[in-house]
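Taking the hints into account, I'd like the entire structure generated from these sequences.
Going line by line, the protein sequences match chains E and W. Counting in the numbering used here, the first sequence tops out at residue 127, every number present. Counting in the numbering used here, the second sequence tops out at residue 623, every number present.
Accuracy of the hints is not assured; some may be wrong.
Stated by the list, open to error - DSS-like, lysine-lysine: derived pairs with alpha carbons at most 30 angstroms apart: (1) E:K85 <-> W:K559; (2) E:K85 <-> E:K31; (3) E:K71 <-> W:K559.
No wet-lab data here; the hints were simulated from the structure.
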Amino acid sequence: EAQVTQNPRYLITVTGKKLTVTCSQNMNHEYMSWYRQDPGLGLRQIYYSMNVEVTDKGDVPEGYKVSRKEKRNFPLILESPSPNQTSLYFCASSFGESTGELFFGEGSRLTVL
Amino acid sequence: AQSVTQLGSHVSVSEGALVLLRCNYSSSVPPYLFWYVQYPNQGLQLLLKYTTGATLVKGINGFEAEFKKSETSFHLTKPSAHMSDAAEYFCAVSSNTGNQFYFGTGTSLTVIP
Numbered sequence: 015e016a017q018v019t020q021n022p023r024y025l026i027t028v029t030g031k032k033l034t035v036t037c038s039q040n041m042n043h044e045y046m047s048w049y050r051q052d053p054g055l056g057l058r059q060i061y062y063s064m065n066v067e068v069t070d071k072g073d074v075p076e077g078y079k080v081s082r083k084e085k086r087n088f089p090l091i092l093e094s095p096s097p098n099q100t101s102l103y104f105c106a107s108s109f110g111e112s113t114g115e116l117f118f119g120e121g122s123r124l125t126v127l
Numbered sequence: 511a512q513s514v515t516q517l518g519s520h521v522s523v524s525e526g527a528l529v530l531l532r533c534n535y536s537s538s539v540p541p542y543l544f545w546y547v548q549y550p551n552q553g554l555q556l557l558l559k560y561t562t563g564a565t566l567v568k569g570i571n572g573f574e575a576e577f578k579k580s581e582t583s584f585h586l587t588k589p590s591a592h593m594s595d596a597a598e599y600f601c602a603v604s605s606n607t608g609n610q611f612y613f614g615t616g617t618s619l620t621v622i623p
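Encoded structure:
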């Protein structure tokens, strides 16, 4: 089954404790990206990657890191989480052309205390 | 930068009534436009998209949208609402290069029995 898998789905952590949210896709997609969803703000892009070892900032990259060492994986790293990073995070992938649809994971709800 | 505006963060309709969700975009070049739906505790999934050609686009579950360049709009409609249509709907536009997607703030649709 074609899918984008995120882990963990739910996480409560404390300020400053490094965490990684994993994302894996099995569709051989070139493009992967991370979004955060906040009430009243919709989805905002954090980082995206057009291919292996190619990453770039989206609209809200502060406080986040990413890496793309393999085509199928695109982890989101919070080196020192803060309460303002409490949010619902989505990973998405596509073939990379501008007309292509995004395929989303089920989301990871992160709470930073 | 491109942007998407969704008028009305909450829309309520009676079962069987017309659904109209509004979306306006700003883009200096011909856009690629999308509507996504998000059911509770799930990721987003594509309803329909406009790339080129026919301006009336049909999607899944009886939804359709019309691209009106003169009005910079891409409103989503469904002739007869069903209880299962209750969800959050997002309008989105992609950049020409496919690097970035810009989402509206979403419209929560409630269907009243």
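Problem - Straight-line alpha-carbon gap K71 (chain E) to K559 (chain W), limit 30 angstroms - result: 25 angstroms, holds
Handout entry: K85 (chain E) paired with K31 (chain E) [C-alpha distance capped at 30 angstroms]
Key = 27 angstroms, holds
Practice task
Take a quick look at whether K85 (chain E) and K559 (chain W) sit within 30 angstroms of each other, Cα to Cα.
Solution key: 26 angstroms, holds
Violation of the numbered hints given earlier is absent; every hint is satisfied by the structure.
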